[in-house]
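**Student:** Work out the full structure: start from the sequences and follow the hints.
Chains D and G, in that order, give the protein sequences. Just so it is clear: in the first sequence, position 12 is 12 by the working numbering, and no numbers are missing. Just so it is clear: in the second sequence, position 477 is 477 by the working numbering, and no numbers are missing.
Watch out, some of these pointers could steer you wrong.
Because identical chains cannot be distinguished in the list, a pair is counted as satisfied if it fits within a single copy or across any two copies.
To be verified - Taking lysine to any residue and the SDA-like style, the derived pairs with C-alpha atoms no more than 20 Å apart in a straight line are:
#1 K8 x K216
#2 K152 x A208
#3 K43 x K402
#4 K367 x D388
These are computed hints drawn from the structure, not numbers from a lab.
There are 2 protein chains.
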Amino acid sequence: MQKILRIKTNTKAVLFEEVKTEYAMLGGRGLIAKILNDEVDPKCDPTGPENKLIVCGGLLNGTMLPCTGRLSVGGKSPLTGGIKEANAGGTAGQMLGKLDIKAIIFENKPADNKWSILKIDQDKAELLPADKYVGMGNYALSAELRKDFGDKIGIVSVGVAGERGYRNSTLQVNDMEGNPVRAAARGGLGSVLGSKGIKAIVLDVTGAANVEYADKEKFVAANKKFIAAVKAHPVTGGMFPNLGTAGLVNMINGLGALPTNNFSDGRWDKAENISGEKLAEMQSTRGGKNGHRCMPGCVVCCSNVIHDEKGNYVTSSLEFETIALAGSNIGIDSLDVIAKFDRLCDDFGIDTIETGGTLGVCMEAGKMQFGDGEAALKLLQEMIEGTDFGNILGQGAEVTGKYLGVKRIPTVKGQTLAGYDPRGLKGIGVTYATSPMGGDHTAGNPLGVPTVDPYKKEGQVELSTQMQVFMATCDSLGTCMMILNAPLGEPENLGYFLEIMSGKFDGEWDPDKLFGIGVQTIALEKAFNKGAGFTAKDDKLPSFMYTEVLPSTGTVIDFTEEDMAMAIPF
Amino acid sequence: MQKILRIKTNTKAVLFEEVKTEYAMLGGRGLIAKILNDEVDPKCDPTGPENKLIVCGGLLNGTMLPCTGRLSVGGKSPLTGGIKEANAGGTAGQMLGKLDIKAIIFENKPADNKWSILKIDQDKAELLPADKYVGMGNYALSAELRKDFGDKIGIVSVGVAGERGYRNSTLQVNDMEGNPVRAAARGGLGSVLGSKGIKAIVLDVTGAANVEYADKEKFVAANKKFIAAVKAHPVTGGMFPNLGTAGLVNMINGLGALPTNNFSDGRWDKAENISGEKLAEMQSTRGGKNGHRCMPGCVVCCSNVIHDEKGNYVTSSLEFETIALAGSNIGIDSLDVIAKFDRLCDDFGIDTIETGGTLGVCMEAGKMQFGDGEAALKLLQEMIEGTDFGNILGQGAEVTGKYLGVKRIPTVKGQTLAGYDPRGLKGIGVTYATSPMGGDHTAGNPLGVPTVDPYKKEGQVELSTQMQVFMATCDSLGTCMMILNAPLGEPENLGYFLEIMSGKFDGEWDPDKLFGIGVQTIALEKAFNKGAGFTAKDDKLPSFMYTEVLPSTGTVIDFTEEDMAMAIPF
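**Tutor:** See below:
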């Protein structure tokens, strides 16, 4: 029987609660939206006692569906001031499913200002003193926790950035090798967990049972066909296993939408040096690995493990977004520098996208030159050391840009845009502008839909709406967006997926019922943001993009406020 | 014929426009609220091109009514994120009336990033290059401008804080001696003028005509009686001319509402050392002056001029709010230190209240000890020098407090509360919480109304509402709140005032018509704030005041959200 685990950090009470009937068919992002609407004042201080930090799996977590078991975390975002869900792969999401915990709700603040870890196993959950772990980076922490609690644990942790309340701070989840490299990165939720005095959640699934199915046979049969479709798909069966998401570098550069020098161009003559193809070539000589799994049972394997020139482990995984924001966006064409950047971010516990955007505005302001990798790593060091300027950097690109008097700040609702300049991929511009999440590509990325011209505004509002619903559905199921490429536009594959839902939950499933999950999620999120003070006027892209032509595509943003108001109209 | 002067700072266009009919009976704060609703997107960036900075006089500016001619400035506040009007005495407000300018509207931003001054005289208005003035403190600037344009000019200027975009920055107006000491201080509007590239407005009234009256004889007769009433009133005729607003120190300390050590107590055993009585004693031996006029024709004369021990001019005027926030609130009991503080603030162009609140949270965080005057002045110096920490201080108490991890931050809507702890004067708590202006005593101060117990919540919502309407009316007329003590609760004196309105504007005036000005003003301000994203949930006092008993009075804030929602219900 699934339960809710509520942690009252002020009294250190750890309570198991029944799951309300109305929460039964909610999971992941949808469940977070519901709980926040039910329990949190949308006007609260994000790092104050009134905010809550929710950790949960998706509706399908723990099932045999591959690539499923992402861990969702949510709360009011210190970065955007609105609702936020961020999710990550790694081991913890599946473990939470196996432990039959529907959600963990952290509330209030410790009255004694002491730090704790939350340890959960099959029999119990308890808060343990965390004094010895405080101040540790995520790598040292992971090693220490595995020494103390065994190698098989799942870990969700905050780095020093989360302890300090940085608005760009993450929650890191360990991968199968125990490295703290899968990040619930966006929106500064690490600082919310940090504000509750929680350094880490440690999960031990020893002895845990498997999840139940309404009709296991039906599930297994459909699952088998679905896996075959995923493997046969050119993206999930081809590019991603071979090149990882880094394979997008050349594709997006070709499209002319690759953020270059603080979003001043969309095509870069050095893009080849940071491409997936270049990365694959490096891997072959250094003992790193492409085709790496971030969680058990994955059939796509888009992760990678990066080694340095001497063959020593540096980081995992170098994703397209990191390469774009910490590479082309700041003029850096060295994958080794970007890998160091990624390692430092994972260890310190900060979002690579937000940090890349922050360095971009620093360069725009002349704090350092575009392309100066050494200077970039030095600025990271300022953050890690916590100088006054480092503390400003830790508040993200918008705060830093305003601090430095920069006019071209590539943010929406305070959050740095991901690796697609919206002037060169207008559908994602609608998503950035209108998603309750702020400027976030995972909220609905219309990349590669051939029927809509990416440079024109026609059709983009509808396309973005469709993708936003699709993604809100994925994020509620706990399913990686990767495998859902297969059912997109493929009715037969979608049919398998509906069978899977029926096998797990019983009843008839049609597309309306499935995607109704996403619609409901977004509607709840919009309600929260309305309470937080957002209006239609907040649904806009950075102002410079409306007037400054993107050289690679010759386009500007031409959506009106009325256009934007027609997206996600529920 | 009155006109609107519109300055398009992007093109350096200076345009005279006719006054719209619907603006005829609007002035000061009311006119600002109307123009902002008509012309400014409430979601705009306060220091971006979409915000506007409006400078105007009140409806009665230029008339013979004494103590009238305050200068209102307004825009979207960088400090609160909502609408803001701040007003000041000094010479400029009356001059604007004499020049027949109803309002100056500064819009956009200079395309060439160059600084200008706006010079206005009887014949014309023009933007002049300000290169030589940029970087000057307000004192040096005032001296230089008077050297260049003559001794009789009126000046409205921003200090270096306003140039830098500090959220605590002021506009300073010169007094009759030419000193830049009258501040439109609250809400960071200096940074809005600074964002338009305007260093100063210089007014020369040589040759200007006097204003017109519907019935001058009626006006003069009523004015005479009204002046007599003001002079006969115990506050405006007694305490203020003798002790200035500093006379409030002992009164508020007696009440137990004097902010002490970052609002941790309301009564201070050293209050006597910073009292109005102590100040008067100092004046007698140093050649400073009480009973000073801040503008021509004032009959109250609550300003003062402060000299140091050697008899040299330091500053003018040391007001109660400055003494409370930079004195008891940070444990400093030396009027000489507070006077230096005031001088530095006026010169650099920052709000003494916000700055005192900011130092309070620094002390709470242990950055310095309460009572350490030298350390306090050093922190001011950090701001002036623009160190990274100084730049944070310049964002005000809330940003600084959060930066330092302080939990007890005495702000409402991002703005530091003035010199009355609301636990010891609950009516002002309602004003702080509900006024569209944020935590601002001038929005409606119910001090000294004997019929309502200041420690109990009963009757406070109604009292605050009445005072807020009263003040919004004063702020729209351009009349100093001081002289309006006389008509408060005195029907006969109010009658004289209604005659004055009739003498100026014709028609019959009754209290509903008069105070309808304030009601309309507040309604417009609430509409703007709603568009900016504020909801009823923003109308609350600092959370610690709901749980932490004020030792001097034994009280906490006990207003519910529903109580607050009943204030200013229009």
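**Student:** Looking at the structure, which of the earlier hints fail to hold?
**Tutor:** 1
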